[in-house]
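Listed here are the chains, written in short residue letters.
There are 2 protein chains.
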Amino acid sequence: MTQRTLIKNLVSSTDGPVSVSGWVETVRDQKKVQFVVLRDESGAVQLVHPRIFNEDGTPADDAIAEEISALSQGTFLTATGDLKHDERVKLGGVEIKLDGLEIAARAIAETPIADDSGVDKRMDWRFLDLRVPKNSLIFKIQTTFEHALRCYWIDNDFVELHTPKLMASASESRAELFEVEYFETKAYLAQSPQFFKQMAQPAGFGKIFEIGPAFRADPSFTSRHATEFTSVDAEISWIDSHETVMTMHEELMVAGFTAVKEKHGAEIEALYGLEVTVPTTPFPRIALAEAKRIVAERGYEVPRQDDDMDPEGERQIAAYVKETYGHEFVFLTDYASSIRPFYHMRNAEDGAVTNSYDLIFNGVEISTGAQREHRIEVLVEQAKEKGLDPEELDFYLDFFRYGVPPHGGFGMGLSRVLMLMLKLPNLREATYLFRGPTRLTP
Amino acid sequence: MTQRTLIKNLVSSTDGPVSVSGWVETVRDQKKVQFVVLRDESGAVQLVHPRIFNEDGTPADDAIAEEISALSQGTFLTATGDLKHDERVKLGGVEIKLDGLEIAARAIAETPIADDSGVDKRMDWRFLDLRVPKNSLIFKIQTTFEHALRCYWIDNDFVELHTPKLMASASESRAELFEVEYFETKAYLAQSPQFFKQMAQPAGFGKIFEIGPAFRADPSFTSRHATEFTSVDAEISWIDSHETVMTMHEELMVAGFTAVKEKHGAEIEALYGLEVTVPTTPFPRIALAEAKRIVAERGYEVPRQDDDMDPEGERQIAAYVKETYGHEFVFLTDYASSIRPFYHMRNAEDGAVTNSYDLIFNGVEISTGAQREHRIEVLVEQAKEKGLDPEELDFYLDFFRYGVPPHGGFGMGLSRVLMLMLKLPNLREATYLFRGPTRLTP
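Chains as they are written, first to last, in this note's numbering: chain Z, 1 to 442; chain B, 1 to 442.
One or more hints might be untrue.
It does not matter which identical chain is meant; a pair holds if it fits inside one copy or across any two.
[What the hints assert, rightly or not] Subject to a maximum C-alpha distance of 25 Å in a straight line, what follows is the list of computed DSS-like cross-link-like pairs (lysine-lysine):
hint	residue 1	residue 2
1	Lys8	Lys90
2	Lys8	Lys261
3	Lys121	Lys261
No wet-lab data here; the hints were simulated from the structure.
The following block holds chain Z by itself, in its conformation from the complex (with noise of 0.2 Å):
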């Protein structure tokens, strides 16, 4: 039997017995010659079979006709036959004059969804959505951004973690929790790997990284949130500050850039009308009371009662970082201690100010970074005056008891570079299956 040859491959091989394996998109079935598409994970190839007439002009026996006759879209099948490169033919300057069909599974005829389905639909039947080559894509870029990611981060001696999903209490607060039964106790979901990361740093691991699921039971309907959704996270030791933190950051975002611009820019620019923009570094930094100052003059006030951006201002702001230094990426930094967490480390000179960041993507908020306060005094300390019990915080104030290095690090939200670099109207799109408070399904 004949090796399958991938699609995208054919244009490559020289003329002659083929074989390829696929799933039906088109079938043009024509009084004397009948066409298929045939499409597989690297791309789309014409089927040709002239039909067999008798001397009289009557339809000879054909059983390859009979069975392309009785074809639905999206049945798996191998086919065999002549390859035949012939530039006449739009899909590829290739086509297969068929010798034979070896149908794998028929797929029932209905077609639950269309090209003009509703997000909500397409989700239901997110294995058929899949199948259209612009939504696959999004899932091949995301694992080359990824691998670009890993690589840069072992070529650095970081090293990789797994840490726990279950926990025995609330990581930052009880709020946004899920809740598990287990066993004769309760656990909880871990909303980051934050505790977990920072411990590797007294542990002297020096650098790690974790590319894993975090679980948020968050009651919101937007276009960037999701109850389960897939964090980017990295930590490292004997940091000076945030700034040795973001230009990790930065660097590997270029590294990310790269190799989806390399590996996936023409799909990209022909699917999606988009070119891939490799950031260039140093990423524009803006304290974020300068930021609000900016907004505001250009017409925008921030309407909130706390010290915050809003997505609104972040919109704002990416657009005059944009029109100022061309650039879609932006480093909010300085974010009040008011509205952070405890275990950021507060600037030395001004405590009302933190050693944190956001990145803001596309006008979007795609991670938060920050030095962590390693001085157990003053984490002590600090997590008193957000009203958090030091007692139970007593797992993770042990960590920094014991000796431990200056260190930081970040979270980011994969889905949501995806989303941006991709320009989705959601994160539904860059997510394989979908979790928010009303779809857990499939």
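On the provided structure of chain Z, position chain B as indicated by the hints.
Same frame as chain Z, but now just chain B:
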């Protein structure tokens, strides 16, 4: 200020001013000279300080000496001084004559664990336990192993998935499922990505992988089980049989072991007294019935009512394979249909056995793989036969109704591989933070 040098790089550095950062492992506070062994993530180095005396022989003012005398084990600090190569120094042939110490965080003098502490006590203080080079090495090896697997997958055009861990219903059986309070309803934690990774096949992804957490509410206490573990999964389309899956699987193991041996072989030999063996391919394959016959010939009757192997049987067959073929791995194949899940494809000639396998490494099962049944009528029939209600499985069965390629894959426990590679006594040693029926902390 002098840039930090990693301790492992001191040997190749030139003599002169140098700065290192790490934690205090030991202090030898002698009358004429003081020694500190400082360790970082890359190694350990001796810091030396000759005490200063007045002309009359009495101790002079000596701030560094006082600082050293006050050092507690575990204190994190930055040391600056003069690097000197001296082959008489046992620890790496270099030492640093101190100019100054900058304390990052003092450790309290207490040392909650010692060399002879029990494993439970050590797990309570895991961040201290991981400062021991032998223990942290495990996670460096794991990092290298995983990266080699991912590089193999990337080179072979696999797509990386992040499947949801929150599910609306059971994936395989209702037993051993953790239940989550999910807004107005219940969710369950995925025991494996089985259904979701299979979904990628009718979605046309071709080949996929995932390394992520899986959860089993298994109340048993064994050296091989955890309630949360890291599962290594792959699934591929257009296979001929489980043989295609086994070929990929053994190539992956070779890639992983080769990388580990190259990068950590010497250190594993030094700290564990073990030589890493890169397995040869093909791995031995033995049908389960034959394996039971061999084991019986060795005088061991598997004490089970069903057709399965037991742990002692796995050890026996592994011993046989080691003696006969000199191989640490063996694929046990053709497991009986009665003891395999409904979605395993059955042998075309003999429906009593499945196209499935377990991979045994050093006598313990580390993985289960199989060709999946992709013919919807057969699949529904097999589900019913196992007492499952096809309606409850409807979302899964849909994957097969709209066309699907023949496919198969495996799931493998990451910590098990590490445990058996390093001959560790239990899974807890090979897990960053172990989770068991009575362990949810730290």
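Violations among the numbered hints: Hint 3 is the one this structure does not satisfy, whereas the remaining hints hold.
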